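2 protein chains.
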Amino acid sequence: MTLYTDLISDLAQKNDKKIVMLVMDGVGGIHAEESPETALEAAVTPNLDALAAKSALGRTIPTDWGITPGSGPGHLALFGYDPRIPEHRIGRGVLEALGIDYELRPGEVAARGNFATIDADGNISDRRAGRPSNEECARISALLDEKIAGREGIEITVRPVREHRFCVFFHGDGLQPDLEDTDPQKTGVPPLKASARIEGGAAKTVRVVQTFIDQAREVLRDEPQVNGLNLRGFSSHPGLPTFQELYDLNPAAVAAYPLYRGVGSLVGMKVLETGTTPAEEFATVAKAWDDHDFFFTHIKKTDSSGEDGNLEAKVAAIEAVDAALPDLLGLKPDVLAIVGDHATPYVMSGHSWHPVPLLVKGPNCDIDGATRYTETEALKGSVGTMSADRLLGYLLANAGKLGKYGA
Amino acid sequence: MTLYTDLISDLAQKNDKKIVMLVMDGVGGIHAEESPETALEAAVTPNLDALAAKSALGRTIPTDWGITPGSGPGHLALFGYDPRIPEHRIGRGVLEALGIDYELRPGEVAARGNFATIDADGNISDRRAGRPSNEECARISALLDEKIAGREGIEITVRPVREHRFCVFFHGDGLQPDLEDTDPQKTGVPPLKASARIEGGAAKTVRVVQTFIDQAREVLRDEPQVNGLNLRGFSSHPGLPTFQELYDLNPAAVAAYPLYRGVGSLVGMKVLETGTTPAEEFATVAKAWDDHDFFFTHIKKTDSSGEDGNLEAKVAAIEAVDAALPDLLGLKPDVLAIVGDHATPYVMSGHSWHPVPLLVKGPNCDIDGATRYTETEALKGSVGTMSADRLLGYLLANAGKLGKYGA
Numbered sequence: 001m002t003l004y005t006d007l008i009s010d011l012a013q014k015n016d017k018k019i020v021m022l023v024m025d026g027v028g029g030i031h032a033e034e035s036p037e038t039a040l041e042a043a044v045t046p047n048l049d050a051l052a053a054k055s056a057l058g059r060t061i062p063t064d065w066g067i068t069p070g071s072g073p074g075h076l077a078l079f080g081y082d083p084r085i086p087e088h089r090i091g092r093g094v095l096e097a098l099g100i101d102y103e104l105r106p107g108e109v110a111a112r113g114n115f116a117t118i119d120a121d122g123n124i125s126d127r128r129a130g131r132p133s134n135e136e137c138a139r140i141s142a143l144l145d146e147k148i149a150g151r152e153g154i155e156i157t158v159r160p161v162r163e164h165r166f167c168v169f170f171h172g173d174g175l176q177p178d179l180e181d182t183d184p185q186k187t188g189v190p191p192l193k194a195s196a197r198i199e200g201g202a203a204k205t206v207r208v209v210q211t212f213i214d215q216a217r218e219v220l221r222d223e224p225q226v227n228g229l230n231l232r233g234f235s236s237h238p239g240l241p242t243f244q245e246l247y248d249l250n251p252a253a254v255a256a257y258p259l260y261r262g263v264g265s266l267v268g269m270k271v272l273e274t275g276t277t278p279a280e281e282f283a284t285v286a287k288a289w290d291d292h293d294f295f296f297t298h299i300k301k302t303d304s305s306g307e308d309g310n311l312e313a314k315v316a317a318i319e320a321v322d323a324a325l326p327d328l329l330g331l332k333p334d335v336l337a338i339v340g341d342h343a344t345p346y347v348m349s350g351h352s353w354h355p356v357p358l359l360v361k362g363p364n365c366d367i368d369g370a371t372r373y374t375e376t377e378a379l380k381g382s383v384g385t386m387s388a389d390r391l392l393g394y395l396l397a398n399a400g401k402l403g404k405y406g407a
Numbered sequence: 408m409t410l411y412t413d414l415i416s417d418l419a420q421k422n423d424k425k426i427v428m429l430v431m432d433g434v435g436g437i438h439a440e441e442s443p444e445t446a447l448e449a450a451v452t453p454n455l456d457a458l459a460a461k462s463a464l465g466r467t468i469p470t471d472w473g474i475t476p477g478s479g480p481g482h483l484a485l486f487g488y489d490p491r492i493p494e495h496r497i498g499r500g501v502l503e504a505l506g507i508d509y510e511l512r513p514g515e516v517a518a519r520g521n522f523a524t525i526d527a528d529g530n531i532s533d534r535r536a537g538r539p540s541n542e543e544c545a546r547i548s549a550l551l552d553e554k555i556a557g558r559e560g561i562e563i564t565v566r567p568v569r570e571h572r573f574c575v576f577f578h579g580d581g582l583q584p585d586l587e588d589t590d591p592q593k594t595g596v597p598p599l600k601a602s603a604r605i606e607g608g609a610a611k612t613v614r615v616v617q618t619f620i621d622q623a624r625e626v627l628r629d630e631p632q633v634n635g636l637n638l639r640g641f642s643s644h645p646g647l648p649t650f651q652e653l654y655d656l657n658p659a660a661v662a663a664y665p666l667y668r669g670v671g672s673l674v675g676m677k678v679l680e681t682g683t684t685p686a687e688e689f690a691t692v693a694k695a696w697d698d699h700d701f702f703f704t705h706i707k708k709t710d711s712s713g714e715d716g717n718l719e720a721k722v723a724a725i726e727a728v729d730a731a732l733p734d735l736l737g738l739k740p741d742v743l744a745i746v747g748d749h750a751t752p753y754v755m756s757g758h759s760w761h762p763v764p765l766l767v768k769g770p771n772c773d774i775d776g777a778t779r780y781t782e783t784e785a786l787k788g789s790v791g792t793m794s795a796d797r798l799l800g801y802l803l804a805n806a807g808k809l810g811k812y813g814a
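Sequences listed follow chains F and G, in order.
Read left to right, the first sequence gives residues 1 to 407 (my numbering).
Read left to right, the second sequence gives residues 408 to 814 (my numbering).
Chain F on its own, in the form it takes in the complex (with noise of 0.2 Å):
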């Protein structure tokens, strides 16, 4: 935790506001010589500039300055966790995990494994397997599952991702993460044992891991393409302090995507079934409007037409966004944020480092007067320029819950 973190926490105080954190994902772009307009610039957006004009905007820096953040640190600094602390990193293994809605447990090890073709020398000749179909990975991934007996009481799961790729959980008492990635990152060697990254370290762990590997190695012996494996990305949940212990609040997840349901739960939203649009996911808020007075909601569409370059899709998922506005302002939220868990200009076609548009309305926010929500009225806006890890208590302070601190 923070010095900031510990003092939200110290102040807040429970009311029956209620707070939605609309997150388009990857919103927010800069303005390049052959491409003056940003999308939010270029689309049509009644709504949300009508939201504006009664709003305060401003800018989150994602993590710090210059640094790109992924979905998982990105949306970690949303919820007022400082991505930059070690404690805060979520490991590949667990983001893995969250991406297929597997529920990790306290102290269970999770690994991404990448299937691989062995030659007869034991050396790696593909390091994809041939890039197998979801179904063979499925195939693989049950037979192992299946077959797979552990060691030491460790009890283990796999389960497919796509293609050559899949999860492990190790499960039971006494692991430890903190264990090297056994891939070679090369073909015509092996794989490397398991080892830990302390020397002397995780003993137990590197047994279990290497037996895994081993006893693999065996299921898949007479496998013509996916006959081994490699392991990388050894986590396990970080025991992140939920929203419930830090801000006594009751917060639901309304997300289309498990990666962003799974980083939801690991600080103890309630993750809810919803559809895919944006007039779908409003609808879950809705729903279950009287049960919770935190709604993170997240719109994946920004976002990967911005990867894929594509500013009229980009514009068209703004679009979406802004037509079914209406339905989630009919709630009236007490407090509503628009933000973004960091840039992703359609100019570089992946996400930045870029400053974040960012909109606050609420009963004491400040109306700006700006006319639209785009990253040139959000730089002048009164909220000024904040690391994003410190959007969450000002949303807080909005709601009316926090305390006046000192006397």
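No lab work stands behind these hints: they were computed from the structure.
Predicted model only: the values in this text are computed from it and were never measured.
Beta carbons are placed, not taken as given, at the ideal position from N, Cα and C, and that holds for glycine.
Keep in mind that the hints are not guaranteed to be accurate.
Taking lysine-lysine pairs in the DSSO-like style, the calculated list, with each CA pair at most 30 Å apart, reads [unchecked claim]: (1) G/K787 x G/K461; (2) G/K425 x G/K694; (3) G/K787 x F/K361; (4) F/K186 x G/K424; (5) G/K677 x G/K421; (6) F/K380 x G/K787; (7) F/K193 x G/K811; (8) G/K421 x F/K186; (9) G/K787 x F/K54; (10) G/K811 x F/K186; (11) F/K380 x G/K811; (12) G/K768 x F/K380; (13) F/K270 x G/K811; (14) F/K300 x G/K811; (15) F/K380 x G/K461.
Not close to chain F: a few residues of chain G, all C-beta gaps over 10 Å, as computed [claimed, not checked]: (16) E441; (17) N657; (18) K707.
Here the structure of chain F is known, so what remains is to put chain G in place on it, guided by the hints.
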């Protein structure tokens, strides 16, 4: 190291992009009632104006709010070293050594010296020994350098600076720089004895330094004015991790003045021989263009004119940079930053704590539509106001030299 530097260092990745950091020392000023225009605003800068129109602008806080840095911390921050943390502080002895182009060895202890006049009772009668000429300073320094034997195998080097100022270096095993100044800061009392900052510490160094002082008194006993000395700012090479280690960069420093070459060399920069005008410095960059991927280019006159309180001279210094700028732009740096290590408002005739205007030009810098590179335009810029120690990471990001953080 800070969490931020660790993060940047972890994410740094090599590519063939080239970054130029053009430091106009002391650039940036303030508006005052009788001086409504800053030097940047008063200067005629067609090339900078055209560049600003295609760039992103912002501001740096040199060290922290309200803190006026010297050249050492000002530049360390620009190089990504948080100047607030103790292990990043460069001692005055070391700075003086850098300023006379002395190449400090690891473990060597440097001190600044002031020649003094000591009366028959052993009390200081003049803390500056009547301000001797530079020639006299050189003569006395050479005398000490030649005559003093030292003790315990420690090699002693004495070098003139100017007037009453000189440097002394202690080189050998087992020395520590944690000594108090011997300067009592007043006359009518004897110089202080050498002593450790912590009682009982640095015992060998205390002995060696006191013996040097005693031997110097002996060597100078017949000099009429320069017959004693005080030592200050004991310090050694900070041993900072280099640009190579931290960022996988191969940096060069182009600076006409020793202090700036020295600060560059402290962080691993190759120091290039150069002339003193902007045109000569840019020609040096051009000559070494193929050999490096990071160029620190330092302009001194923007600062010295500001310290003189001379608006015309500061305007001329800025216009000289503007006139030579096409040579630098002709090299087509992938990322170009223009910034100062601090502001030197001519109305203050000295360094100040004010934010410094920043210009960043790169493939994905964002384009703000600014018309000029001035304090007023910089305040409106999309980069926002960042701590100066974030700039290096920000430039790495713009050059595609930082990987994504987390998945």
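Results for each hint:
1. Straight-line distance between C-alpha atoms of G/K787 and G/K461 comes to about 15 Å, which keeps the hinted pair within the 30 Å bound.
2. Restraint check: the Cα-Cα separation between G/K425 and G/K694 comes to about 14 Å, which is no more than 30 Å; the hinted pair holds.
3. Between G/K787 and F/K361, the direct Cα distance comes to roughly 24 Å. Compliance with the 30 Å bound is thereby established for this hinted pair.
4. Between F/K186 and G/K424, the direct Cα distance comes to roughly 27 Å. Compliance with the 30 Å bound is thereby established for this hinted pair.
5. Restraint check: the Cα-Cα separation between G/K677 and G/K421 comes to about 18 Å, which is no more than 30 Å; the hinted pair holds.
6. This hinted pair checks out: F/K380 and G/K787 have alpha carbons roughly 8 Å apart, not beyond 30 Å.
7. For the hint pairing F/K193 with G/K811, the CA-to-CA distance comes to about 28 Å; that is within 30 Å, so the pair holds.
8. Note on G/K421 and F/K186: the hinted pairing holds, with a Cα-Cα distance of about 20 Å set against a maximum of 30 Å.
9. Of the pairs offered as hints, the one joining G/K787 and F/K54 holds, with about 23 Å between alpha carbons and a cut-off of 30 Å not exceeded.
10. Among the hinted pairs, G/K811 with F/K186 is consistent with the structure: their alpha-carbon atoms are about 22 Å apart, no more than 30 Å.
11. For the suggested pair F/K380 and G/K811, the alpha carbons sit about 28 Å apart, so the restraint of at most 30 Å is met.
12. Restraint check: the Cα-Cα separation between G/K768 and F/K380 comes to about 21 Å, which is no more than 30 Å; the hinted pair holds.
13. For the hint linking F/K270 to G/K811, the alpha-carbon distance of about 29 Å falls within 30 Å, and the restraint holds.
14. With a C-alpha separation of about 19 Å, the suggested pair F/K300 and G/K811 falls inside the 30 Å cut-off, and the hint holds.
15. Our distance criterion of 30 Å between C-alpha atoms is met by F/K380 and G/K461, whose separation comes to about 20 Å.
16. No beta-carbon of chain F is positioned within 10 Å of the beta-carbon of G/E441; the least distance is around 30 Å.
17. The Cβ of G/N657 sits about 20 Å from the closest Cβ of chain F, beyond the 10 Å cut-off, so the non-interface label holds.
18. For G/K707, the non-interface assignment is confirmed: its Cβ lies about 27 Å from the closest Cβ of chain F, beyond the 10 Å cut-off.
Checked against the numbered hints above, the structure violates none of them.
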